[in-house]
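> Take these sequences, add in the hints, and give me the full structure.
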Amino acid sequence: MTDITLSMDGLLLNWVKQVGDSVKKGDIIAEFEADKATVEVESPADGTISELIGEVGAELRAGTVIGKLGAGGAAAPAKTEAAPKEEAKPAAEEKPAKAESEAKPAAATPAASVTEDGRVKASPLARNIAKDKGIDLSQVAGTGPNGRITKADVEGFEPSAAKPAAAAAPSAAPAATGGVGLDSASIPLVRLRAAPAASDEVELIEPSRMRKAVALGTTESNQQIPTFFVTSEIDLDPLLALRAQINAQIGEKGVKVSVNDMIVKAAALTLREFPNLNSHYYGDKIARYKHINIGIAVAPATGGGVIYVVAKDADKVALGTLAATNKEMIERARELKLKPEDTRGATFSTSNLGPYEVDQFTAVINPPESGVIAIGSGRKVAVIKADGTIGAGTRVKITLSVDHRVSDGAEGGQFMFRLKNLIENPMQLLL
Amino acid sequence: MAAKNIPMREALRNALREEMLRDERVFVMGQEVGVWQGTHRVTQGLLEEFGPKRIKDTPISEMAIAGLAVGAAMAGLRPVAEMMTINFAFLALDAIVNHAAKIHYMFDGQFRVPLVIRAASGWGNQATATHSHTPEPIFAHFPGMWVATPSNASDAYGMLKASIRSENPVLFSESIALYSRPAPVVTDDPDFVLPIGKGEIKREGKHVTLVAYARGVEWSLQAAAELAKEGIEAEVVDLRWLRPLDIDLVLESFKKTNHCVVVEESLPMYSFGSEIAAQIQDKGFDYMDAPVKRVSAMDVPLPFAKDIELMALPNAQKVIDAVKEIL
Amino acid sequence: MARLTKETLLDWYRQMVLIRQFETRCDELYQNKTITGVYMHLYSGHEATGVGALAALGPEDHVITAYRDHGHALIRGVHPNPIMAEMMGKKTGVSGGKGGSMHIASRQHNMWGGYAIVGGHLPLAAGIAFASQYNDRPEVTISFIGDGASNNGYFHEALNMSGVWKLPVVWIIENNFVAMGTRIEDSTAQTELHNRAIGYGIRDGGRIDGQDVFAVYDSVSEAVKYAREGNGPVLIESITYRYKGHGVSDKTYDKRFADELAEWRDNKDPIELLRRQLQKKFKNIDPELAKIDAACQAAVDEATEYAINSPDPTYEDLISNVYVEE
Chain A
13 MTDITLSMDG
23 LLLNWVKQVG
33 DSVKKGDIIA
43 EFEADKATVE
53 VESPADGTIS
63 ELIGEVGAEL
73 RAGTVIGKLG
83 AGGAAAPAKT
93 EAAPKEEAKP
103 AAEEKPAKAE
113 SEAKPAAATP
123 AASVTEDGRV
133 KASPLARNIA
143 KDKGIDLSQV
153 AGTGPNGRIT
163 KADVEGFEPS
173 AAKPAAAAAP
183 SAAPAATGGV
193 GLDSASIPLV
203 RLRAAPAASD
213 EVELIEPSRM
223 RKAVALGTTE
233 SNQQIPTFFV
243 TSEIDLDPLL
253 ALRAQINAQI
263 GEKGVKVSVN
273 DMIVKAAALT
283 LREFPNLNSH
293 YYGDKIARYK
303 HINIGIAVAP
313 ATGGGVIYVV
323 AKDADKVALG
333 TLAATNKEMI
343 ERARELKLKP
353 EDTRGATFST
363 SNLGPYEVDQ
373 FTAVINPPES
383 GVIAIGSGRK
393 VAVIKADGTI
403 GAGTRVKITL
413 SVDHRVSDGA
423 EGGQFMFRLK
433 NLIENPMQLL
443 L
Chain B
-10 MAAKNIPMRE
0 ALRNALREEM
10 LRDERVFVMG
20 QEVGVWQGTH
30 RVTQGLLEEF
40 GPKRIKDTPI
50 SEMAIAGLAV
60 GAAMAGLRPV
70 AEMMTINFAF
80 LALDAIVNHA
90 AKIHYMFDGQ
100 FRVPLVIRAA
110 SGWGNQATAT
120 HSHTPEPIFA
130 HFPGMWVATP
140 SNASDAYGML
150 KASIRSENPV
160 LFSESIALYS
170 RPAPVVTDDP
180 DFVLPIGKGE
190 IKREGKHVTL
200 VAYARGVEWS
210 LQAAAELAKE
220 GIEAEVVDLR
230 WLRPLDIDLV
240 LESFKKTNHC
250 VVVEESLPMY
260 SFGSEIAAQI
270 QDKGFDYMDA
280 PVKRVSAMDV
290 PLPFAKDIEL
300 MALPNAQKVI
310 DAVKEIL
Chain C
-3 MARLTKETLL
7 DWYRQMVLIR
17 QFETRCDELY
27 QNKTITGVYM
37 HLYSGHEATG
47 VGALAALGPE
57 DHVITAYRDH
67 GHALIRGVHP
77 NPIMAEMMGK
87 KTGVSGGKGG
97 SMHIASRQHN
107 MWGGYAIVGG
117 HLPLAAGIAF
127 ASQYNDRPEV
137 TISFIGDGAS
147 NNGYFHEALN
157 MSGVWKLPVV
167 WIIENNFVAM
177 GTRIEDSTAQ
187 TELHNRAIGY
197 GIRDGGRIDG
207 QDVFAVYDSV
217 SEAVKYAREG
227 NGPVLIESIT
237 YRYKGHGVSD
247 KTYDKRFADE
257 LAEWRDNKDP
267 IELLRRQLQK
277 KFKNIDPELA
287 KIDAACQAAV
297 DEATEYAINS
307 PDPTYEDLIS
317 NVYVEE
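Protein chains in written order, with my numbering: chain A, 13 to 443; chain B, -10 to 316; chain C, -3 to 322.
Please keep in mind that the hints were generated in silico from the structure rather than gathered at the bench. All values reported here derive from a predicted model rather than from experimental measurement. Check the hints yourself; a few may be wrong.
Restraint-style ranges between C-beta atoms, simulated for each label pair [claimed, not checked]:
| no. | chain 1 | residue 1 | chain 2 | residue 2 | range |
| --- | --- | --- | --- | --- | --- |
| 1 | C | Lys29 | B | Asp237 | 18 to 24 Å |
| 2 | B | Thr28 | A | Gly168 | 53 to 59 Å |
| 3 | B | Glu156 | C | Pro55 | 24 to 30 Å |
| 4 | A | Lys145 | B | Asp178 | 47 to 53 Å |
| 5 | C | Asp200 | B | Met258 | 36 to 42 Å |
| 6 | A | Ile40 | B | Asp310 | 55 to 61 Å |
| 7 | C | Glu312 | B | Asp271 | 21 to 27 Å |
| 8 | A | Ser211 | B | Asp271 | 54 to 60 Å |
In this text, a Cβ means the ideal position worked out from N, Cα and C, and glycines have one as well.
So, in structure tokens, the structure goes:
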């Protein structure tokens, strides 16, 4: 028997296969709505589905066994959609550590009690009490040695104000935001207003998982990260010219290189020289990464939200390859058909509102990253040329957001200066 | 019940004497137990009282001392054999492990081996590498025998009597450092016998459980007294016996305190502390609020030079430090 | 010898034949894997030493030995059935299937067992003898010792202590010249092992012909009497020969010592020697001897049958008798 296990938290949307179906390794068995996308659960091996566990619409935790695969032959009595939700739960609850570790690939909350790989540090006893009380340990600040959550932390934990409030009055209770205190004393306080009652005028909507994930990540970012912004106006014409040349060479069969791909490449090369901005702040430690993985913000085709797909080793990968990979990932993101690795491991991000005729904007840093660039639209504007005459030129404004805890204004300026230089002398992107 | 404040060596002597008076089959053998009056003076006066038939001075022959005791026990006597120090018991390890501990099982119950091997144990006074062992856990490793490790005169008295009366072989370890420590010991009840395999809470507390035996109990109590000044209430569990192991008592305390420091005079690798830690994580996992800490001797042979010898050994301060590390 | 009745002599013959047939059967059963395990040491060739020595003891006396123990147990009167069952690790074995070939004991026969740590049982023998002395009981303990065991520390410590305390024990070295696979000349400077008695200040019982049951009986009887009278221990060296390898797993013995082995088998076989003596002494004894041979064969057959049909030990047996219940 092989277990079919969920690799991230999610909402069970649909069973694609049924008990008794023969499947090959890699066949899609079920669809889940995860934080970032609709996730397809693939069969871990060849075999016959002997059991499917879980109710459509159920929220399941990472690590939950949602089915079993026999070697073939007769299937066990089915426990399909009719199976009570509780059946699936214990597995998840028994493995809180695993669940935590895969729960938040992108919006991981760096804090003393959460390890770099997202595991919550809690004593077995604390886990046990949390389980009994239904407390999500990722919401608890640990005061034990090395930030471990102990019995006292769980017992002293005030339940979240995020629960639906009956009264319209603002709640003053400290709310959990996923932001765990950086030290024992700083439990973040958030005032969440109670929702108004539903009426003819007001429709109350359950936020989607993605909405919640974005809310969590951005709230954390704006609450915790002292951000400063640096904007530069950059001459885009040389880059556009080079791009035209490259794409002409590629012809119809290849994947065209986009302006965004080239700016991503430029940002990655710039980061090589500014490792502080390729670092993540964890309170007592700053993690500085050797690899440069650039998150690219993508808007799903439907339902709103934002997904960062990750261009891995963007400084090293050749521009053509980078473009091809980005294109595939972006398409998957739009369709919410992401592979888990598409969204993992970003060290820095980019956001581009180019198509929408925006002058400039600022982007919210995606924790635990410490920088993001917001790319405006390339616009034809009047420019003063090198010879002093006035003419038309394409200019783009790019705004860098920086976590002041890892870097400072001067460095932000230097970063933008170098980025501008690369974009304006784009041959360097091909070296 | 009357009690008298006497040192542990005298309590042990009382136990030996009373059991010899009670049971003709009990005899004492070992190096220097008779004419010399006992290297640690435990058997002082016994030769005069019981004569050379029952107080047997032996040659320096550890293998034969232990082996002869096994044979005599099989044949119905109650030998109490003394190893001058537990370091020398290594020479007798085969007789103890392969014969004392296994004969009852190996012949499926046809023979019993009701012997006691007493051995003076522990370090101190610059006895150097070969004379500074506390290897009780080695003996406790093997099923088939009990291992007694008393922490004070009164326990030693009741435990030695229990050991002599036991139908099973017992390795009875006597901490040299404790021989002179006095405690109130019962004087008017020859049947004061402590139950085999039952530990005792030596001090109650609610924040951390200190699990110890023999000399470790002394350090634990000292540490607990210090910690109390800072508001930390440590519970001291004296296991008394390494086998049978009163793990229930440990778990009972641990479920209350959720924190544990094991205090052992012995070395850390494959040790008493390892065993307690393993059993706590196995049987008390859901009650753990911190890892189990161990305070042991350092993982080195003991040197001669006083300062570095002491550096290598456990003490109350190390217990305090360990407690603070996990609280 | 004059005081030995025909009945006694035929019983010695019976014991020796029973041992030979029992051991031969054990070997067959081991080869066909009915008996398993890695250790089984056969007594074939040594019969006269065991039978002659233990004939000198009464039932109240004590015997202890090493791992080549089947013969000693049979001589003490332990029934072949539970011995064979022990070979097969059955619940009905003398040690409930927990001891195996090397640990045959029977408390009721004062057969204190076979021990597998070379020399380990010597101080036990001293302890058993000590208990007799302590309780003022006129019992003697015989401890069989392999020639190899005379070289380890147990031998030294136990013999010395038995001498100091004048314990009623007769130490009998069964010298078959090979300690496992090492010849005595290669392991021992003083190859006349009985001479060691001098070093321990105990009675030297001499070197005797271990293939001659009468010689063994006479010497051991004298030693037992000496010890029983409170004079202390005696050391006897009995020269004998092992017909089989050290244990059943020894594959080279037969080849290494083929000529010597043939010489002993053909000319010094203890059973043959006794048979000739009996034929000389009693007219027309052959039918009686044949009857004994057949009876022994039947006993071995029965033991084999009994053992094969006995139940295996269970989980309960696995965990029982680790300790005496307190």
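> It remains to establish, for every hint, whether it holds in the given structure.
So, going through the hints one by one against the coordinates:
At about 45 Å, the beta-carbon gap between Lys29 of chain C and Asp237 of chain B misses the expected band of 18 to 24 Å. At roughly 57 Å, the beta carbons of Thr28 of chain B and Gly168 of chain A sit within the given window of 53 to 59 Å. Between Glu156 of chain B and Pro55 of chain C the CB atoms are about 26 Å apart, so this pair conforms to the stated range of 24 to 30 Å. Distance hint check for Lys145 of chain A and Asp178 of chain B: the Cβ-Cβ separation is about 51 Å, which falls inside the suggested range of 47 to 53 Å.
Between Asp200 of chain C and Met258 of chain B the C-beta distance comes to about 49 Å, which lies outside the given range of 36 to 42 Å. For the pair Ile40 of chain A and Asp310 of chain B, the beta carbons lie near 56 Å from each other, so the given range of 55 to 61 Å is met. Range check, Glu312 of chain C to Asp271 of chain B: about 25 Å between beta-carbon atoms, so the 21 to 27 Å window is met. The hinted range of 54 to 60 Å is satisfied by Ser211 of chain A and Asp271 of chain B, whose Cβ atoms lie roughly 58 Å apart.
Hints 1, 5, counting from the list given before, are not met by this structure.
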